[in-house]
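Novice: Here are the chains, one letter per residue:
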Amino acid sequence: MTTVQAVDVLRLLPEIILSAFAILVMVLDPFVKIRKSSLGWLALVGVIGAALGVAGMGMVWTYQALGNSFRDSFVVDPFSLYFISIFLLVAALTILGSLRYLEREKVNYGEYYALILMATVGACFMASSTELIMIFIGLEISSISTYILAGFKRHDAQSNEASLKYFLLGSFATAFFLYGVAFVYGLTGTTNLIAIANQDFPGSLVKDVGGSGVPVNGGLAATSHFLWIAVILMFVGIAFKSSTAPFQIWTPDVYQGAPAPVSALLSTGPKAAAFAIFLRIFLGGMANAGSVTFWVVWASALLTMCLGNLGALFQSNVKRLLGYSSIAHAGYVLVGIAAALRLGEDEGSASVLFYLVAYALMNVGAFVLVAHLAGTGERATSIDDYTGLGYARPGVAAVLSVLLLSLAGLPITAGFFAKFYVFRAAIHAHLIGLTIVAVLNSVVSWYYYLKIVMAMYMREGQTAAATSAVPRPLGAALFVCVVGILFLGLFPNLVLDLANLSARPLP
Amino acid sequence: MDWLSEHSLTVLTFLPLAGVLILAFVSPDSVKRIRWIALIVSLVEFLLTVKLFSAFSLHEPGMQFVEDHPWITSPAIGYHLGVDGLSVLLILLTGFLTPLSILASWTGITSRVKEFHLFLLALETGMIGVFVSLDLFLFFLFWEAMLIPMYFLIGVWGHGRRLYAALKFILYTMAGSALMLVAILYLYNATGTFNLQSISEQLASGQLAFTPKVENLLFWAFFVAFAIKVPLFPLHTWLPDAHTEAPTAGSVILAGVLLKMGTYGMLRFCLPLFPHAAVAYAPIISVIAIIGILYGALVSMVQPDLKRLVAYSSVAHLGFVVLGIFAFNVNGVEGAIYQMCNHGVSTGALFILVGMLYDRRHTRLIRDFGGLSTTVPILGMFFMIVTLSSLGLPMMNGFVGEFLIILGAFRRHAAYGALAAVGVIFAAVYLLWMYQRVFLGEVTNDKNRAIPDCNWREKAMMIAMVLVILWMGIYPQPFLRRMDQTVNQMVEHIGLATTSVTPAATQAAARQAGPKAGVVTEARR
Chain A
0 MTTVQAVDVL RLLPEIILSA FAILVMVLDP FVKIRKSSLG WLALVGVIGA
50 ALGVAGMGMV WTYQALGNSF RDSFVVDPFS LYFISIFLLV AALTILGSLR
100 YLEREKVNYG EYYALILMAT VGACFMASST ELIMIFIGLE ISSISTYILA
150 GFKRHDAQSN EASLKYFLLG SFATAFFLYG VAFVYGLTGT TNLIAIANQD
200 FPGSLVKDVG GSGVPVNGGL AATSHFLWIA VILMFVGIAF KSSTAPFQIW
250 TPDVYQGAPA PVSALLSTGP KAAAFAIFLR IFLGGMANAG SVTFWVVWAS
300 ALLTMCLGNL GALFQSNVKR LLGYSSIAHA GYVLVGIAAA LRLGEDEGSA
350 SVLFYLVAYA LMNVGAFVLV AHLAGTGERA TSIDDYTGLG YARPGVAAVL
400 SVLLLSLAGL PITAGFFAKF YVFRAAIHAH LIGLTIVAVL NSVVSWYYYL
450 KIVMAMYMRE GQTAAATSAV PRPLGAALFV CVVGILFLGL FPNLVLDLAN
500 LSARPLP
Chain B
0 MDWLSEHSLT VLTFLPLAGV LILAFVSPDS VKRIRWIALI VSLVEFLLTV
50 KLFSAFSLHE PGMQFVEDHP WITSPAIGYH LGVDGLSVLL ILLTGFLTPL
100 SILASWTGIT SRVKEFHLFL LALETGMIGV FVSLDLFLFF LFWEAMLIPM
150 YFLIGVWGHG RRLYAALKFI LYTMAGSALM LVAILYLYNA TGTFNLQSIS
200 EQLASGQLAF TPKVENLLFW AFFVAFAIKV PLFPLHTWLP DAHTEAPTAG
250 SVILAGVLLK MGTYGMLRFC LPLFPHAAVA YAPIISVIAI IGILYGALVS
300 MVQPDLKRLV AYSSVAHLGF VVLGIFAFNV NGVEGAIYQM CNHGVSTGAL
350 FILVGMLYDR RHTRLIRDFG GLSTTVPILG MFFMIVTLSS LGLPMMNGFV
400 GEFLIILGAF RRHAAYGALA AVGVIFAAVY LLWMYQRVFL GEVTNDKNRA
450 IPDCNWREKA MMIAMVLVIL WMGIYPQPFL RRMDQTVNQM VEHIGLATTS
500 VTPAATQAAA RQAGPKAGVV TEARR
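Chain order of the listed sequences is A and B. Numbered according to numbering that gives the first Met the number 0, the first sequence spans residues 0 to 506. Numbered according to numbering that gives the first Met the number 0, the second sequence spans residues 0 to 524.
Bound-form chain A, shown alone:
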């Protein structure tokens, strides 16, 4: 039956609220002449409204009112709600961090907030779709919004360059993804993940009903090659969005050139969404292709961690350094995904889900704070500019230190437990070599995070970073980040329980 029922629409509530507010912000933009930041607050209201929608669905969670809508193309399950919550958190923090930034940079236009909301809508669709075409559309909505956001400082050459680079490479990547989808369609005759989940992939080793390890369907060698091609093509698209190797090259350039609050969004929201579709496709729908996917992920994880950390070692620009560091973090997430693919249990994907929340808190916090410290025109973004900041602005420096140490993985911060859970899952999956590489990488990462801390506290000199007072909205965002980081560092169970509950992507 193709009739749309009320429940179908209700399950789209967060997306509908976000879209409505995005449109409202754009419509109101010409009428709001003086206080553009009120549009930002309006967007924030939209995010909170969507969050209430999620909370409402979370409450009915227990009544099993969740499920598919629009003929299995869209699903509301714990997994998608968890991810939507991450996107909304990122959007809210980014908006709070952008309010004064846009005024300072004189690019205070309403569509900025509308684009953030649209990027979030796209991410939400990515997390909740069970139809490859829908996933692709979500990917495009999110991507196009972020292409524009990256170039939002249109008088700034670097920002333009970032936008162009991101756009050209990103378009290629999404095209690759679509090509992979076409192969999947060729192999299975459908693009619906729920339908795909009920099929065996010829030549794949995972699906063995009898538990004998022998492929149920002997399969043709040629089909198996097509499966490899399909997996790799889709992986290319997702890997680009999540900036994992070997498709991470754009990341530092774009994060450096884009306005810093946009980098905060880029490095967390779309990235988490990319991992969401990764889990949804390869752990959910195409779980039967597990052994193929596993080696692709394993190799990429290894490469991503090493390239990210080695790249970050030699950076003198904080934004660029954070760009490389976010590549490294994507590598740790991939370790968790590799564990999830190997284990076939919830532990691996739960660790990934936990990681993404912790990572969102610390990375958004770091980028929006860097945006503030950079001063008008984002001039002070070099590590040397932070010299002596610890004494000029002790509070700000302390917050930045917490964020950086959490990124490095100091115990009693969220970053530690994030890594800890991923490594635990990896050890459980007997990925010992990969775990050793991962822990050694995290040792290397201490070097560059401490380089910033060192500049702030241990070098003598006058800071070149902005020493003006932290604006209230930014202060609120940082407060949320720091409290969240410490809370997750002391009581990780609350979020981990949620992550465990949400760990199994349908179908």
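Calculated directly from the structure, the hints in this document are not laboratory data. Accuracy of the hints is not assured; some may be wrong.
[What the hints assert, rightly or not] Ranges between beta-carbon positions, derived for each pair: (1) A:G460 - B:T109: 44 to 54 Å; (2) A:Y390 - B:H6: 34 to 44 Å; (3) A:L493 - B:R160: 41 to 51 Å; (4) B:P211 - A:I231: 39 to 49 Å; (5) A:F486 - B:F13: 17 to 27 Å; (6) A:A174 - B:F13: 54 to 64 Å; (7) B:H68 - A:E344: 26 to 36 Å.
Note that the Cβ used here is the ideal one computed from N, Cα and C, for glycine as well.
Based on these hints, arrange chain B on the given structure of chain A.
Specialist: Same frame as chain A, but now just chain B:
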């Protein structure tokens, strides 16, 4: 009061952190008040450690004052604390050295005084936490968290190349602990728990057994982390930099307590959990330890910098400790534990004395001094006593420890004992030669004529340390008795677990438990 007595270890661990909270509300300008608050907090903490030491039961080989609460449910991480004869001494040592290092920085630290004391007290919480944790995860947490205050102490208040030294310190330790984390996770995966006692029980009951290959790898993953901290010979290169560039308080705590965490970890984890691997690799490790003893001594001899000399002497002294541990007999292990405390007191005192000289002259180069005993006789006397204690003169603490270790090493292999004894002679050479060049002879540098002698604060500190040095040298029983049960059990455990490997040696070691007191009496004469 019930709550307090049931949670004495929690109070002990977090009292310094409470001090941090108090200090946080004090204005950074009232320097005097900050110093006094920090001192009082650390003194109260010291009294608590003394109380713990005296309340410690002599007849209980297992853990005492145990607290065990669930903390994180998935994975099951417990807030599991307890002390045995090994940790109770190290806790006392920590409690003793912290107020001294605050006193030692009384005039030396003038900038950012508040932050300095915040970090020092936070560090104390970390150190005590490491010694009381019986949950592998909790242990790891304290082990890592403690690095940050130390990193700041070296990096902000250090001398010369402090940034380099601080970074080197933290990266070395992190590299070691990263591998340890993998091993801990592996253990968790095999046992389903981080609880040290239940892992030991599973091992003892045969429920958990490793293949030799896995056991060896796990052993090395833990051992390397601890060997870096000790530091054992080829991994020691962070130490001279960190010790030399750190402020006096930092050096005292580094040498006094942080190095002991390495040897503590070996005794607490490497030996009981992986006895076969420990026994199998003991010859290699003993040889490395002896190389460390001789190398540290030889390098000390040629150091032009006083602090660097003392730093290298730590490499030699800790070599003794590792040698004693891997002798696997009661003499060796008790000597090692005793020597851990001795080294903490003696080297801590040496660093404080070098710090006093530095405060007066702003140099640490031996050639800038000479004939100081005529200008600062009291300081010279203290320096003499501490030097003698460090080189192991009878009647001093160092003698008891080194004697027991050499005895234990002899029982293991005569060559170990003989070579270690050579190390003692070397120690006498570099320490006495250093003393001679700094304090004896004519005053050659005019700047040395007008320097003031010890004031009341410095005298008080040094008298406290000298009394402890003499007490530990003359009447070691109170300390040794507290570790007897624990060490006997440990040695027996290794003997039982590895009977097939060296039955004779371990039985001899077990029999040695009784006559040991006699040995010490001999030592005293």
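Novice: Against this structure, judge whether each hint is valid.
Specialist: Hint by hint, here is what the structure shows:
| no. | hint | verdict |
| --- | --- | --- |
| 1 | A:G460 - B:T109: 44 to 54 Å | 19 Å, violated |
| 2 | A:Y390 - B:H6: 34 to 44 Å | 38 Å, holds |
| 3 | A:L493 - B:R160: 41 to 51 Å | 44 Å, holds |
| 4 | B:P211 - A:I231: 39 to 49 Å | 41 Å, holds |
| 5 | A:F486 - B:F13: 17 to 27 Å | 19 Å, holds |
| 6 | A:A174 - B:F13: 54 to 64 Å | 57 Å, holds |
| 7 | B:H68 - A:E344: 26 to 36 Å | 28 Å, holds |
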